[in-house]
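J.: Line by line, the protein sequences are chains W and L. Mapping of the first sequence onto the working numbering: position 57 corresponds to residue 57, and the numbering continues sequentially without gaps. Mapping of the second sequence onto the working numbering: position 72 corresponds to residue 1072, and the numbering continues sequentially without gaps.
No wet-lab data here; the hints were simulated from the structure. Accuracy of the hints is not assured; some may be wrong.
As the list claims (entries may be wrong) - Coverage of chain W stretches by chain L, computed from C-beta distances (three or more under 8 Å per stretch; other residues unrestricted):
1) 153 to 165
2) 186 to 198
3) 238 to 249
4) 335 to 349
What the hints assert, rightly or not - Some but not every residue of chain L turned toward chain W, in silico, with C-beta under 7 Å:
5) Met1001
6) Gln1032
7) Ala1042
8) Ala1051
9) Ile1063
10) Thr1067
11) Ala1074
12) Thr1086
13) His1089
14) Phe1090
15) Gln1092
16) Gly1096
Ideal Cβ positions, reconstructed from N, Cα and C, are used throughout, including at glycine.
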Amino acid sequence: MRETWQGYLRQDGRKGIRNVVAVVYLVECAHFVADEITRNFKGQDVHLIGFPGCFPNDYAQKMMEQLCTHPNVGAVLLVSLGCESFNRATLAEHIAASGRPVQTLVIQKSGGSAATIEQGCDFVRSALDQIDKVARVEMGVSDLIVGTICGGSDGTSGISGNPAAGRAFDQLVAAGAACIFEETGELIGCEHIMAERAVTPELGQELRQAVAKAAQYYSVLGYGSFAAGNATGGLSTIEEKSLGAYVKSGDAPISGIIKPGDVPPRGGLFLMDVIPDGEVRFGFPNISDNAEIVEMIASGAHMTLFITGRGSVVGSALSPVIKICANPDTYRALAADMDINAGSIIEGNASLDEVAQEILDAISATASGTPTASEALGHQEFILTYKSFEPIGPACLPTA
Amino acid sequence: MRFFLKLHPADNVQVALRLAPKGTPIDVATGQAVSLSEVAMAHKVADCDIAIGDRVIKYGMPIGKATADIPAGAHVHVHNIVSSYTATHFRQDDAGLANA
Chain W
1 MRETWQGYLR QDGRKGIRNV VAVVYLVECA HFVADEITRN FKGQDVHLIG
51 FPGCFPNDYA QKMMEQLCTH PNVGAVLLVS LGCESFNRAT LAEHIAASGR
101 PVQTLVIQKS GGSAATIEQG CDFVRSALDQ IDKVARVEMG VSDLIVGTIC
151 GGSDGTSGIS GNPAAGRAFD QLVAAGAACI FEETGELIGC EHIMAERAVT
201 PELGQELRQA VAKAAQYYSV LGYGSFAAGN ATGGLSTIEE KSLGAYVKSG
251 DAPISGIIKP GDVPPRGGLF LMDVIPDGEV RFGFPNISDN AEIVEMIASG
301 AHMTLFITGR GSVVGSALSP VIKICANPDT YRALAADMDI NAGSIIEGNA
351 SLDEVAQEIL DAISATASGT PTASEALGHQ EFILTYKSFE PIGPACLPTA
Chain L
1001 MRFFLKLHPA DNVQVALRLA PKGTPIDVAT GQAVSLSEVA MAHKVADCDI
1051 AIGDRVIKYG MPIGKATADI PAGAHVHVHN IVSSYTATHF RQDDAGLANA
């Protein structure tokens, strides 16, 4: 694992591993125009993100503020239709205060689609020139925030990809990085063993409650966090899927609980509680894997480890995704979409520690600028929907 | 290369490391058994006779309860175990069941 590399220094002192212009639609009605602007810069670091809803939502506002000031983002173009509820002025002020170039285009005031696309392209061109001059700075593992999720899980995930990722996490935490695992709906059945790893008894109690909230939420919805393909791949129950998913958190003590958009305050291992607070509303917590990845990025993740068994091909806007394939048959079928073949563990050709080292090497290569498989293919998935959260309680982040 | 792996000493299931044809010999807790059906990669077989209502143990932890008597060597999956939390959603034609 390379010790240091050159990052991008932002005015708030945070360091990024990419230098992206984010083009942001603030309602679905502005999506097409924002997309057309982005398409003019294919192959450059200009990424499309957005929020589709017309109704206001504090969660979406907070997520957008965090995403637009993520250390991987250098400049932002906001594209508004004009009559949606999203508070574009507050968002623009927040971005400007971070020292980033930002422009807001309101389609209803800018002459319609074609004129807005032209003005948007002008801004992106000038923004690319400006952020090209952003100061570079030495960056190391202790500056990194790394997320992990699993998607398209099968019975191989819990015995190859996830435990290998867990061992990589242990080494990252030991080196001072902040690591985030999540999806409390996929920790059902693991709450007691997980709570024993909390750095304080009070945090352990919070961990149990977070999982109980997830179990309750999903029972109201009538579905667990379990897709048909999980069963095809040999997983029989949510507990089985959970235990396989849980091992990607490794063995480090759990330092705290955060919610989407909360940035870990220091190095260590953190659980992200992704289940909304209060009564069940707005539907499923995370409707697909990219909703989880977006939350990781909003909490500052420079990159996300994505362990898959059935074979997901997704990447993400803003932050790279490193795909770790747990299933050797899937790896052979989708090799060009994968960064790491953890299926070699199943076939007896590599140990967990050897694959963990491959993951660590991929992390430092990615941090140094090497494109991941999904980046090279041009993947830039993004999804953000409605949620509501209460702030975390005082026991969630014990001071070390 | 072996066909089946017991992940934890407390487990009463084993995991297929690759597609195992029907009749594949398995070293089980009680001696020798054979797989009673074809078992796909990463699917499970019983490591001993599991009685209806017994907990099914994998990774040393409970993953559900048996809804039928499961003989050693039989496929253990959505047709004969159930979650103690939320029901499993699967497509009958695509759950990897040999008799589907």
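J.: Hint numbers the structure violates, sorted upward?
T.: When the structure is compared with the hints, numbers 6, 8, 10, 11, 15 turn out to be violated.
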